[in-house]
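These are the residues of each chain, in order.
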Amino acid sequence: MYATTYHRPTSVDEAAKLASEEAKYLSGGQTLLPTMKQRLAAPSDLIDLRHIDALKGITVEGGNVRIGAACTHSEIATSEAIKGVCPGFTYLAGHIGDPAVRHMGTIGGSIANNDPAADYPSALLALGATIRTNTRSLAAEDFFTGLFETALDEREMVTAVEFTAPDKSGYSKFRNPASRYAMTGVFVCKRSDGSVGVGVAGAGSDGAFRSPDMERALAGDFTPAALENISIDPSGLMSDMHASAEYRANLIKVMGKRAVQQAV
Amino acid sequence: MAEITMTVNGRTVSGTCEDRTLLVQFIRENQGLTGTHVGCDTSQCGACVVHVDGKAVKSCTMLAAQANGSEVTTIEGLASGGELHPVQAAFREHHGLQCGFCTPGMIMTAVDMIRRHDGKLDEHTVRSELDGNICRCTGYHNIVKAILAAAEEMGSGSKVAAE
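So the sequences go chain by chain: A and B.
Residues in the first sequence are numbered from 1329 upward in steps of one, following this note's numbering.
Residues in the second sequence are numbered from 21 upward in steps of one, following this note's numbering.
No lab work stands behind these hints, which were simulated from the structure alone.
Quick caveat, the model's predicted, so the values are computed rather than measured.
Hints are supplied without guarantee of correctness; some may be wrong.
In silico lysine-lysine, DSBU-like type, Cα no more than 35 Å apart, as pairs [unchecked claim]:
| hint | chain 1 | residue 1 | chain 2 | residue 2 |
| --- | --- | --- | --- | --- |
| 1 | B | Lys140 | A | Lys1384 |
| 2 | B | Lys75 | A | Lys1352 |
| 3 | B | Lys165 | A | Lys1352 |
| 4 | A | Lys1365 | B | Lys75 |
| 5 | A | Lys1352 | B | Lys140 |
| 6 | A | Lys1345 | B | Lys140 |
| 7 | A | Lys1411 | B | Lys165 |
| 8 | A | Lys1518 | B | Lys165 |
Simulated DEER-style distance windows between Cβ atoms [to be verified]:
| hint | chain 1 | residue 1 | chain 2 | residue 2 | range |
| --- | --- | --- | --- | --- | --- |
| 9 | A | Glu1408 | B | Cys157 | 36 to 42 Å |
| 10 | B | Gly52 | A | Tyr1330 | 22 to 28 Å |
| 11 | B | Glu113 | A | Gly1412 | 38 to 44 Å |
| 12 | B | Gly30 | A | Gly1385 | 25 to 31 Å |
| 13 | B | Cys157 | A | Asn1578 | 35 to 41 Å |
| 14 | A | Gly1522 | B | His137 | 34 to 40 Å |
| 15 | A | Arg1367 | B | Gly55 | 41 to 47 Å |
According to the in silico footprint, chain B covers these stretches of chain A (three or more CB under 8 Å from chain B) [unchecked claim]:
| hint | segment |
| --- | --- |
| 16 | 1329-1337 |
| 17 | 1374-1380 |
| 18 | 1442-1454 |
| 19 | 1573-1587 |
Glycine included, every Cβ here is placed at the ideal spot set by N, Cα and C.
Using the sequences plus the hints, can you model the full thing?
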């Protein structure tokens, strides 16, 4: 790791003032620190966001869920309040990385990195979540802009994630057995108006995406069988040493069925 | 440079290190506590697991500066007065180690796991909770056995204490 300077602000404003083109926000650090150790990133300054109260805490009021950006995967996975209204989401958080990684990694850090194999983006797209930052609010659709790319400006930081709990939600992923990242993960949710959201992680060469075909099929019949005749177009899907685009296309269908099966 | 003060195994320690110093380096090189191991250095193997403020974390994936002001427990902090911690004793009893390199991380992970599950563990849970710890010798079987035995021992111990 190249030399860097560590900062520990206690407010969002203080953190934003420290930000610059060469600096990086440090949340749980479970991606950033390994990247720095490989010298693939060399920020001049690290701005630790773990000690800012405004970024912490989970609130669930009725069906409205608000998760502070600095909440860890472990806090989300074990939140009885979220589990009560959106169990698919807590299941997803409880299957990121491993227990030690979940104790440190945060939802804000994960979505700001927008790794194509990260889990949360699929859920936030499917749920139609809102991403709050220190300067504005963005729909998940507008926030995730591509591979490791988001709409965040240089000094901007995610402060919270908000969504309305659906009637049913489920997540299923096929993990790479070595990295534990999703080779394909599918989040499904059914809302009270009957509409359905389907988000796909780990498969798109442009990052997570929604699947309108699967959403339409499930809107009429929210059962695994409804996806039986769906065929997913492999163009636009990743092909790498782990799986071909065709294999991932099939995984989307299989994980989609399992997610529907598990949805509660 | 960072001025670090933290509690390590109940003792307040201070030291100066670079801002980029990893927690595991601070523990091993600055504090001389070499029980915490570095296996992969890529957050995969779990040999470096310690507890920070009561939670198991990979000390190769945390800066010492991030842990400034925290309470850290390492493998050296588990035994009390020459008596092994129940998890350590169970690993010895059930041959939960061969070369021993992964053992500090396995035991720190096991203690955290037993605490989070309130001692109520089954084999499937133990195996999936060991996701972040790699052992190249044992095939995990005796590690799982040791953790289940320790969980039972600790569970029954707390029951006795409660009565």
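Hints, one by one, checked against the model:
no.: 1; hint: B:Lys140 to A:Lys1384; verdict: holds (29 Å)
no.: 2; hint: B:Lys75 to A:Lys1352; verdict: holds (25 Å)
no.: 3; hint: B:Lys165 to A:Lys1352; verdict: violated (43 Å)
no.: 4; hint: A:Lys1365 to B:Lys75; verdict: holds (23 Å)
no.: 5; hint: A:Lys1352 to B:Lys140; verdict: violated (41 Å)
no.: 6; hint: A:Lys1345 to B:Lys140; verdict: violated (47 Å)
no.: 7; hint: A:Lys1411 to B:Lys165; verdict: holds (31 Å)
no.: 8; hint: A:Lys1518 to B:Lys165; verdict: violated (42 Å)
no.: 9; hint: A:Glu1408 to B:Cys157: 36 to 42 Å; verdict: holds (39 Å)
no.: 10; hint: B:Gly52 to A:Tyr1330: 22 to 28 Å; verdict: holds (26 Å)
no.: 11; hint: B:Glu113 to A:Gly1412: 38 to 44 Å; verdict: holds (41 Å)
no.: 12; hint: B:Gly30 to A:Gly1385: 25 to 31 Å; verdict: holds (30 Å)
no.: 13; hint: B:Cys157 to A:Asn1578: 35 to 41 Å; verdict: holds (37 Å)
no.: 14; hint: A:Gly1522 to B:His137: 34 to 40 Å; verdict: holds (38 Å)
no.: 15; hint: A:Arg1367 to B:Gly55: 41 to 47 Å; verdict: violated (29 Å)
no.: 16; hint: 1329-1337; verdict: holds (count 7)
no.: 17; hint: 1374-1380; verdict: holds (count 3)
no.: 18; hint: 1442-1454; verdict: violated (count 0)
no.: 19; hint: 1573-1587; verdict: violated (count 0)
Going through the hint list in order, the structure does not satisfy hints 3, 5, 6, 8, 15, 18 and 19.
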